[in-house]
Every structure is written in C-alpha cells, then in structure tokens.
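S.K.: Next come the chains, spelled out residue by residue.
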Amino acid sequence: MMNDLLVMAQIAGRRCALPAHDVQSVIEIGAITPVPRSPGFIAGITAMRSQALTVIDCRRALGFDPAPWSIDHRAIVVAVNGYSYALRVDSIEDITTGIAEPGTVPGGFGPEWSRVATGMIETRVGPSLLVDLEVLIAGPDSLGEAA
Amino acid sequence: MDELLADFVAETREMLEASEGEIIAWEADPADRARLDTIFRFVHTVKGNCGFFDFPRLAGLSHAAEDALADCRSGRRDPDAALVTAVLAIIDRIVQMVDAIEAGEEFPEGGDDELIASLKVGQDDELVEHLAQPTPKAAGTAPTKADAAKKSEAAVAQRSIRLPVDLLDRVMSGVSDMVLARNDLAHRLRQAGTQPTIDGPFERLTTILADVRDAITRMRMQRIETLFGALPRLVRDLSSELGKQVMVDLEGGDVELDREMIEMVRDPITHIIRNAIDHGIETPSDRLAKGKREIGLLSIAARQSGNTISIVISDDGRGLVESRIAEKAIATGLIKESERASMSREKTLQLIFEPGFSTAESVSSVSGRGVGLDVVRDNLERVGGSIKVTSTEGVGTLFTLQIPLTLSIIAGLTVEVGDQRFAIPQSYVEEIIHSSAKALDFTRVGETALVTFRGARVPCLMLNDVLGLPAGDIALGDHTMVMLRLASGDLFALAVDQIHSHGDVVVKPLAPAIMKSGMYAGSTLLDDGQPVLLLDVTNVASQYGLVSDARNRVLKANHETETAKASDACRAMLFTDFDARRRAVRLELVQRIETAPATAIDLSGSAPRAVIDGVILPLVGLPNGQIPAEKIRILRLTDGNSDLLQAVRDVNDAVELTDKLKPVNDDPLIEAVTLVDGETVALLDGHELFARYGEVPESVKKPVCRLPDTDWARTILGPLVTSAGYDIAESEERQEDVSIWFDDEYEAALALEVEFDNPVIRLRDIPDAPDDAGTVYRYDRDGLVEALRQARAAGGRK
Numbered sequence: 007m008m009n010d011l012l013v014m015a016q017i018a019g020r021r022c023a024l025p026a027h028d029v030q031s032v033i034e035i036g037a038i039t040p041v042p043r044s045p046g047f048i049a050g051i052t053a054m055r056s057q058a059l060t061v062i063d064c065r066r067a068l069g070f071d072p073a074p075w076s077i078d079h080r081a082i083v084v085a086v087n088g089y090s091y092a093l094r095v096d097s098i099e100d101i102t103t104g105i106a107e108p109g110t111v112p113g114g115f116g117p118e119w120s121r122v123a124t125g126m127i128e129t130r131v132g133p134s135l136l137v138d139l140e141v142l143i144a145g146p147d148s149l150g151e152a153a
Numbered sequence: 012m013d014e015l016l017a018d019f020v021a022e023t024r025e026m027l028e029a030s031e032g033e034i035i036a037w038e039a040d041p042a043d044r045a046r047l048d049t050i051f052r053f054v055h056t057v058k059g060n061c062g063f064f065d066f067p068r069l070a071g072l073s074h075a076a077e078d079a080l081a082d083c084r085s086g087r088r089d090p091d092a093a094l095v096t097a098v099l100a101i102i103d104r105i106v107q108m109v110d111a112i113e114a115g116e117e118f119p120e121g122g123d124d125e126l127i128a129s130l131k132v133g134q135d136d137e138l139v140e141h142l143a144q145p146t147p148k149a150a151g152t153a154p155t156k157a158d159a160a161k162k163s164e165a166a167v168a169q170r171s172i173r174l175p176v177d178l179l180d181r182v183m184s185g186v187s188d189m190v191l192a193r194n195d196l197a198h199r200l201r202q203a204g205t206q207p208t209i210d211g212p213f214e215r216l217t218t219i220l221a222d223v224r225d226a227i228t229r230m231r232m233q234r235i236e237t238l239f240g241a242l243p244r245l246v247r248d249l250s251s252e253l254g255k256q257v258m259v260d261l262e263g264g265d266v267e268l269d270r271e272m273i274e275m276v277r278d279p280i281t282h283i284i285r286n287a288i289d290h291g292i293e294t295p296s297d298r299l300a301k302g303k304r305e306i307g308l309l310s311i312a313a314r315q316s317g318n319t320i321s322i323v324i325s326d327d328g329r330g331l332v333e334s335r336i337a338e339k340a341i342a343t344g345l346i347k348e349s350e351r352a353s354m355s356r357e358k359t360l361q362l363i364f365e366p367g368f369s370t371a372e373s374v375s376s377v378s379g380r381g382v383g384l385d386v387v388r389d390n391l392e393r394v395g396g397s398i399k400v401t402s403t404e405g406v407g408t409l410f411t412l413q414i415p416l417t418l419s420i421i422a423g424l425t426v427e428v429g430d431q432r433f434a435i436p437q438s439y440v441e442e443i444i445h446s447s448a449k450a451l452d453f454t455r456v457g458e459t460a461l462v463t464f465r466g467a468r469v470p471c472l473m474l475n476d477v478l479g480l481p482a483g484d485i486a487l488g489d490h491t492m493v494m495l496r497l498a499s500g501d502l503f504a505l506a507v508d509q510i511h512s513h514g515d516v517v518v519k520p521l522a523p524a525i526m527k528s529g530m531y532a533g534s535t536l537l538d539d540g541q542p543v544l545l546l547d548v549t550n551v552a553s554q555y556g557l558v559s560d561a562r563n564r565v566l567k568a569n570h571e572t573e574t575a576k577a578s579d580a581c582r583a584m585l586f587t588d589f590d591a592r593r594r595a596v597r598l599e600l601v602q603r604i605e606t607a608p609a610t611a612i613d614l615s616g617s618a619p620r621a622v623i624d625g626v627i628l629p630l631v632g633l634p635n636g637q638i639p640a641e642k643i644r645i646l647r648l649t650d651g652n653s654d655l656l657q658a659v660r661d662v663n664d665a666v667e668l669t670d671k672l673k674p675v676n677d678d679p680l681i682e683a684v685t686l687v688d689g690e691t692v693a694l695l696d697g698h699e700l701f702a703r704y705g706e707v708p709e710s711v712k713k714p715v716c717r718l719p720d721t722d723w724a725r726t727i728l729g730p731l732v733t734s735a736g737y738d739i740a741e742s743e744e745r746q747e748d749v750s751i752w753f754d755d756e757y758e759a760a761l762a763l764e765v766e767f768d769n770p771v772i773r774l775r776d777i778p779d780a781p782d783d784a785g786t787v788y789r790y791d792r793d794g795l796v797e798a799l800r801q802a803r804a805a806g807g808r809k
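So the protein lines, in turn, are chains V and W.
For the first sequence, my numbering begins at 7 and goes up steadily by one.
For the second sequence, my numbering begins at 12 and goes up steadily by one.
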C-alpha cells in the first residue's frame with residue numbers, strides 16, 4: 007500500500023482514499039437514467055461512450071443522508087468484478103501517494119465507516135480512510151436484507 | 012501452404028497491384044524512365060524471391076525480363092512497343108504462375124522460351140503480338156469474377172490469426188461507440204435539415220459502419236465444435252462409470268454461435284447427456300435382450316435456421332414411459348388424477364421439465380443430484396431459448412433445444428412511460444394495440460386490470476405501477492397495450508404511455524445490485540447515447556404471479572380443450588342497446604369491437620353508414636336515426652362475406668347461452684329470448700339482420716399490400732394495414748395492389764429506374780412534411796389509413 011497512488015475524495019464530509027489501481031477515470035457526469043425499483047444508493051445508469059455505468063451515490067451507499075453535502079459534477083469510474091461504476095462523492099480532491107501502510111485505530115471509525123474501511127492510511131494530505139470498493143458498492147443493506 | 016510461400020505470393024500481388032498503373036502508363040510511353048524503374052524493380056524482386064524457392068520457370072522469366080529492362084536503363088537499348096508487349100506478356104505469365112502456386116496447381120508446361128525470345132532486339136512485332144495472345148489476361152484487363160472469387164477463397168484459407176479475446180472485445184466496443192457517434196450525428200443532421208453535401212458521405216459512412224458491425228458480430232461467433240469437442244470424453248467417462256456402452260455421433264460442429272451463448276448452453280447440454288446415459292440407454296445385456304445393438308447411440312446435432320440454432324440430442328435407449336411420468340406427476344401433486352386422462356402424450360412428456368420431477372427410481376452418482384431438468388429449462392428460457400422432448404417407448408428419446416444466435420444483440424421495442432424509456436425484447440411481443448383501437452375493453456377487477464384480447468380476458472400490468480413511476484396524464488384505457496407472450500405460453504398486456512422505436516439493440520450487462528431488483532435483463536443505449544433499461548419480461552410477470560406454474564399450465568390446457576367442446580354450445584356477445592334493452596348476438600358473428608367518432612357516421616343516405624378503418628359499412632341500432640354520443644361503440648359483425656355494424660350503448664360480456672332459447676315471432680330481427688343470469692336477453696337473428704342490412708364489401712377479395720422488409724413494418728405497420736382491410740403480401744410472387752415504401756428507399760428505387768405498376772405509399776421518418784409532400788409520416792395513423800383507402804379506391808376503378 008505504501009507509495010501506491012490514491013484518489014482522494016470527500017464522502018459525506020470525510021476524506022476518503024480510493025486505490026488508484028481500481029480507478030479507471032474521472033468523468034463529467036452527464037444525464038443519469040434512473041433505475042426504478044432499485045436500492046436508493048443507486049442513482050441510475052449513465053453512458054460512458056458505449057458503456058453503461060452504474061451510478062452509485064457513495065453517501066447513500068454508506069448509509070448517510072446526502073442532503074447536507076454538496077455533490078461533485080464529476081464522478082470516479084471504478085471497475086469492480088468486471089462491472090464499471092461511477093461513484094458520486096462530495097468532491098474529488100487529488101491524487102496522492104500513501105506514506106505508510108494502512109492501519110486501524112482503536113475504537114474503529116463508527117459503524118458506517120468501519121463497514122467499508124480497509125483501514126486508515128496516512129497520505130501527504132493527511133490521514134484518510136481507505137475504502138474497500140467492493141463493500142462500498144454493495145450498499146448499506148448488503149449485510150442484512152437486500153433491497 | 013507454407014507461410015513463407017504465402018508471403019511471397021502476397022508480396023508479389025501487392026507489388027503488382029501497386030505497379031499496375033505504371034505498367035499501363037509505360038505502355039503508352041515506353042521512353043518514360045520512371046515507369047521503367049518501377050517495372051524493373053518488380054521483376055527484380057520476383058527474381059530475387061524466386062531464389063528462396065524452387066521456381067526455375069519464374070526465375071527464368073523474371074531474369075530475362077530484368078536483363079532486357081536493365082539494358083534499357085543503362086541506355087544500351089531503346090525501349091520500343093515490341094519490348095513493352097513482351098515484358099507485359101512476361102508479367103502476365105508471372106501472375107498466372109503465382110496464382111497457380113497459391114492454388115497449389117501445376118502450371119501448364121511450355122511457352123516460356125517463346126516469351127523470353129520475344130524480348131530479343133529486332134523481334135518481329137507480329138510474332139510478339141502472337142506470343143502475347145495465349146495469355147488470356149492481358150495487363151490492364153480486369154480479372155474475371157471467377158478469378159477474384161478463387162483468389163479470395165484461397166486468401167481466406169491461408170489467412171487466419173489468433174487474437175486475444177480482450178482485443179476482440181475492445182474492437183467490438185469501439186465499433187459500438189462508432190455506431191453511437193453515428194447515431195448522434197444522424198440525430199443532429201436531421202435537426203439541421205437536409206444538406207446534400209453532407210448527407211451523401213454520411214450515408215456512405217452508415218453503410219460502411221453497418222458492414223463493419225456485421226463483420227464484427229461474426230467475429231464473436233464461435234463454432235459449436237468448441238462445445239462438442241469435450242463431449243466424446245464426457246460420454247466415454249460416464250458410460251464406463253455406469254457400465255454402459257455408448258457411441259457418440261456429433262453433427263453440425265461448424266454451426267456458429269455467439270461464444271457467450273456457447274457457455275450458456277454448455278451446462279444444459281451436459282445435463283441432458285448425463286440423463287440420457289444414466290436413464291435412457293440400457294446396459295449392454297438389456298439392450299441385447301431387447302434385440303438392440305449392444306452399443307447405445309447418442310447423437311447430437313446442431314442446425315441453424317434463421318436467427319435460432321436448434322440442437323437435437325437423441326438416444327436410442329428405453330425412451331420415456333408416459334404412464335410412469337403421469338403416475339409420478341400425480342404422486343408429486345403436479346396434476347390430478349382427473350386431469351391425466353385429458354392430457355395428450357406430448358403434454359404428459361413435457362412434465363419432466365416441471366420443478367420437483369425426477370423419474371429415476373434410484374439416485375445415482377451421475378444424475379439426480381437435486382439439479383433437475385427444470386433448471387435446464389429455466390436456464391434456456393433465461394437466454395430466450397426453449398426445450399422440448401419427444402420420445403417413443405423402447406426406441407429412444409429426443410430433446411430439441413432452441414436457442415437464439417446471440418445474446419448481445421436482440422430485436423427490441425422501446426416504450427415510454429412516465430417520461431422514461433425502457434426496452435422490451437421483441438421476441439415476447441405478440442402484438443401492439445394502439446390506444447385508438449379501443450377494442451380492448453379495459454376493466455378493473457379489484458386491483459387487477461384486465462383487457463379483452465381475441466375474446467379472452469387477459470391480465471394487464473400498468474408499467475408505471477410495476478416500476479413505481481408516477482402515472483402519466485393518460486386516461487385509463489388510453490394506454491398503448493403491448494401484448495406479451497411468455498415462453499410458458501401465458502399472455503399478458505403491458506400498458507405503456509407510448510411506443511418509441513423498434514430495432515436491434517446491443518444489450519449490456521447490468522451491475523448485480525440492479526439485477527437484484529429482478530426487473531431488468533440488461534441495459535442498452537439509445538441513438539442519442541442515453542442508456543435505457545431492458546425489461547426482464549419473464550421475471551416481471553412472475554413477480555406478479557402471471558406465469559402459470561405447472562399446475563395451472565396443465566389446468567389451462569384442460570380448460571382449452573373444454574372450451575373447444577363448449578364452443579359447440581351457443582356463445583354470444585351480450586350488449587345493451589340505445590333503448591337500454593339487453594341484447595345478445597352470436598359470438599361467431601362478432602368480428603371486432605370498435606369505437607367510432609360521430610364524424611365517422613353518415614346519416615345522409617337512405618340508411619346510416621359508418622366508416623371503419625377506411626371501409627364504409629351499413630350501421631344499425633342507432634336510436635331513431637340519431638347519433639347519441641360523441642363516440643359510439645360498435646360491434647362489427649360479419650357472416651364471412653358481408654359486414655355490418657351494430658351500434659351499442661355498452662358491451663357487457665361474452666357469455667354462454669346455456670338456458671333454453673325460446674323462439675320469438677313478433678320481431679323478425681330477434682331470433683329468440685333466453686335467460687342469462689336470471690334476466691331475459693333477446694338474441695339477434697343473424698340471418699335476418701344480414702338479409703336486410705348486410706352488404707358485400709366492394710371486393711370480397713382483399714387487396715394486397717406489400718410492406719418494406721423490416722421488423723418495424725411487420726410488427727407495427729402490418730397490423731394497421733391489415734385492419735385497413737388489406738392482405739399483406741407474404742411472398743415475392745404475390746402480386747400486390749399497393750406497396751408501402753420508405754421514402755429514401757423509394758427514391759433509391761426510382762434512381763435505379765424500378766417501375767412501379769401499382770400505387771405506392773411513401774413513408775417519411777420525420778413528422779413535418781417537406782414542401783414536395785407525397786409522403787406520409789410513418790406514425791401518422793390517420794394519414795396512412797387515408798392513403799390506403801385512396802389506393803384501394805384507385806385500385807377499384809382499375
């Protein structure tokens with residue numbers, strides 16, 4: 007993890023780090039087609055060239071109400087298990103490198119965050135939460151009853 | 012062929028192609044030094060290359076030509092017409108030899124020396140001419156078609172490369188991107204209006220892209236051999252494990268199938284083979300006792316027919332025993348004892364695909380591991396396929412699998428509901444009924460909506476309810492109904508706000524979180540690049556309990572036979588007339604229920620008439636010859652030859668007249684009175700009605716209309732044309748009375764000077780008419796009906 011590139015973003019007012027390895031690109035988000043009868047954290051699908059991306063509202067995927075935070079007009083495109091997702095976050099900040107191995111802190115990060123966190127990672131812009139994309143994308147109900 | 016040799020052939024050809032123009036130019040002006048150099052290089056290279064291979068004749072010819080040309084280059088000799096002819100003759104000979112090498116043929120002996128001799132200085136021109144003759148392909152003449160075909164055939168045989176699948180996928184998505192970009196551009200061009208300078212090249216681009224896409228689609232195809240390849244081993248292992256002797260016979264391995272689809276059918280086929288060997292084929296001793304060959308035969312054949320592939324797996328084993336299947340089905344509660352008698356043998360056999368069915372008395376290690384044929388059927392249906400079994404006891408069993416060619420490109424219908432668009436696989440669509448044809452009799456029973464389709468009540472789902480979208484401002488019953496037929500045979504209606512377009516869609520997979528909702532089968536992109544969701548019709552239907560389970564399916568089959576019997580009894584359409592009397596008319600007479608606006612009714616003649624679908628018909632049942640409402644409901648009655656319309660206040664129901672029919676004498680138009688649900692109903696006398704009012708339509712034979720050869724025309728335009736009183740020309744031979752063309756194709760046909768003997772209706776894609784008119788917007792229903800009516804009238808005069 008050390009010296010790996012990380013994409014830094016604010017999600018629900020917290021600084022998070024996504025492994026740049028999994029990030030394909032950052033796109034301007036265009037029209038989003040809503041998907042009726044899908045879980046709330048799925049904002050819809052959008053087109054990136056001929057590909058259809060599933061748009062995930064990361065704040066909802068964590069289980070927060072997105073209302074208090076602004077939303078970036080760009081989205082982070084990641085590939086998980088062969089599917090591509092566009093992640094919507096408060097804001098996309100920077101690309102940086104981790105300067106230490108990810109670790110944990112006593113007491114955890116709070117229930118919502120602990121679920122998606124691989125751990126805490128020190129970066130050049132300060133400590134941030136390293137996010138496990140697969141868990142994030144599964145949404146808040148992934149452990150219990152699937153929506 | 013040796014790869015090196017192939018390279019040599021290819022290089023020679025390429026060089027020749029590149030220098031062909033030079034050769035012709037040189038012929039015109041032998042003194043042209045630059046041309047001379049090019050040709051010198053050609054023969055020089057051929058000579059050099061021949062050194063690697065053992066082609067003494069080629070080497071000799073090219074060497075001689077090179078010498079002569081070298082003399083010219085160094086100024087020792089002036090090139091003249093004779094030399095040019097001689098050199099060209101040699102080049103032709105070289106080309107012929109190369110062709111022969113490629114095809115692996117022997118080139119006829121002789122003739123080389125004369126050619127070489129003709130290069131000598133001072134040769135008689137006539138001799139040279141003579142020598143040049145035997146080579147049929149003089150330089151500059153185009154190769155004949157047969158030659159070209161032969162060449163390309165050889166080229167296909169030798170050129171094959173291995174590509175990583177990733178790369179292929181990338182090319183595919185690249186082409187998809189291009190198609191989208193093209194569609195976007197098309198959209199913008201349409202908005203900008205016609206621009207001849209851009210439209211031409213754009214059309215060309217479209218054609219090229221269509222070609223490329225077609226080629227790419229074929230790249231995805233894989234021979235089913237890849238699947239068949241593993242089967243002999245599987246059969247061998249299974250049969251030795253089970254102590255049986257089985258010979259496997261594979262056929263049609265060259266049938267090509269989308270490689271994803273091959274993966275999808277792998278498990279079902281394996282499963283059926285396991286079953287066949289385990290349960291179907293007997294042990295060698297049993298077989299001998301029955302007078303069969305000791306070795307069982309399992310044959311698997313694949314065939315392509317149109318857009319589907321059928322795979323037939325048959326064995327010559329003991330076959331399915333109908334009585335055992337029936338007993339088992341009764342024991343497991345799939346059917347009732349009473350239902351069994353009425354089931355056909357074929358129906359009974361299909362029970363083996365029902366969940367919870369397994370005939371094997373002992374569960375062996377090979378089959379019967381809880382995965383039954385129901386899973387096989389489910390898996391096949393999921394990809395749009397189907398499975399059927401036929402069997403003869405003691406002779407063998409035959410499974411027929413039908414699967415679509417490709418997973419990823421399907422014909423789809425785009426519908427709109429609540430401002431959002433969705434795609435529906437065309438294969439499910441039985442018929443589209445536009446809101447203007449209110450023959451559907453939309454009703455709500457409790458929370459369930461029902462429509463009447465072909466005389467049967469069919470459940471109706473409102474798509475906006477299904478998806479939890481707000482209802483549009485379309486009145487109930489004004490929706491467009493898409494009649495969907497499921498693989499299980501169940502029919503239901505899906506109410507949508509409107510139909511958008513129709514065409515091939517490229518289906519992309521959806522993320523698991525979305526798939527979990529069970530509503531969608533995938534996504535696809537519209538022309539403008541906006542993604543739309545593809546509805547999973549089967550799943551939606553089953554969520555609403557519209558897919559009959561095994562029990563219902565069997566019951567329904569019984570019901571069908573019952574109704575077939577019952578139809579001998581009198582069935583009638585119950586209605587209320589404008590004097591509020593309950594009337595009935597025999598159901599056989601009722602062709603359709605129509606709704607006509609007051610404007611369609613003409614009271615000026617001696618008898619009221621109405622225009623329905625462009626046909627004028629007599630109308631009875633109006634109170635005192637008045638038009639009672641803005642829109643009136645009409646029963647269209649027919650006796651097979653003549654038609655008439657019966658105006659009604661309300662259509663009540665189709666009923667069976669079980670009670671006694673009591674003849675009436677005072678009103679000739681009433682055949683009898685009877686009781687329905689305890690109330691009296693007067694049954695119209697069809698004979699009298701038609702005798703008085705029936706009118707033979709102008710021509711008993713329906714005029715024939717030819718449609719453009721597209722899915723849109725067949726499924727969307729077709730029903731409209733039929734309802735306007737036309738037959739559709741199904742075959743090329745059938746002479747049409749009128750034809751419908753897309754305007755652009757019509758223009759193209761005109762340009763090709765195709766002659767049109769009959770009236771032509773031209774359809775345009777855009778609603779707004781250009782000044783020159785003469786065309787009808789493809790969704791302008793009234794305009795189309797009017798055009799068809801006019802064409803018909805014109806045909807009638809002729």
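One should not assume that every hint holds.
As the list claims (entries may be wrong) - Where chain V lies over chain W, by a calculated footprint (3+ residues, C-beta under 8 Å):
| id | stretch |
| --- | --- |
| 1 | 181 to 191 |
| 2 | 453 to 459 |
| 3 | 659 to 668 |
| 4 | 685 to 691 |
As the list claims (entries may be wrong) - Far from chain W, by Cβ distances over 10 Å, these chain V residues were calculated:
| id | residue |
| --- | --- |
| 5 | N9 |
| 6 | L11 |
| 7 | R43 |
| 8 | S44 |
| 9 | P45 |
| 10 | R55 |
| 11 | Q57 |
| 12 | D71 |
| 13 | T103 |
| 14 | P112 |
| 15 | R121 |
| 16 | R130 |
| 17 | V141 |
Said to hold, decoys possible - With the Cβ distance kept under 7 Å, some of the chain W side facing chain V (calculated, not the full set):
| id | residue |
| --- | --- |
| 18 | G479 |
| 19 | L480 |
| 20 | K519 |
| 21 | T721 |
Derived from the structure by calculation, the hints contain no laboratory data.
Even glycine gets a Cβ: it sits at the ideal position worked out from N, Cα and C.
S.K.: Does each hint hold? Answer for all of them.
M.R.: Do the hints match the structure? See the list:
{"no.": "1", "hint": "181 to 191", "verdict": "holds (count 5)"}
{"no.": "2", "hint": "453 to 459", "verdict": "violated (count 0)"}
{"no.": "3", "hint": "659 to 668", "verdict": "violated (count 0)"}
{"no.": "4", "hint": "685 to 691", "verdict": "violated (count 0)"}
{"no.": "5", "hint": "N9", "verdict": "holds, 28 Å"}
{"no.": "6", "hint": "L11", "verdict": "holds, 23 Å"}
{"no.": "7", "hint": "R43", "verdict": "violated, 5 Å"}
{"no.": "8", "hint": "S44", "verdict": "violated, 5 Å"}
{"no.": "9", "hint": "P45", "verdict": "violated, 6 Å"}
{"no.": "10", "hint": "R55", "verdict": "violated, 5 Å"}
{"no.": "11", "hint": "Q57", "verdict": "violated, 7 Å"}
{"no.": "12", "hint": "D71", "verdict": "holds, 19 Å"}
{"no.": "13", "hint": "T103", "verdict": "holds, 29 Å"}
{"no.": "14", "hint": "P112", "verdict": "holds, 33 Å"}
{"no.": "15", "hint": "R121", "verdict": "holds, 16 Å"}
{"no.": "16", "hint": "R130", "verdict": "holds, 33 Å"}
{"no.": "17", "hint": "V141", "verdict": "holds, 12 Å"}
{"no.": "18", "hint": "G479", "verdict": "holds, 5 Å"}
{"no.": "19", "hint": "L480", "verdict": "holds, 6 Å"}
{"no.": "20", "hint": "K519", "verdict": "holds, 5 Å"}
{"no.": "21", "hint": "T721", "verdict": "violated, 24 Å"}
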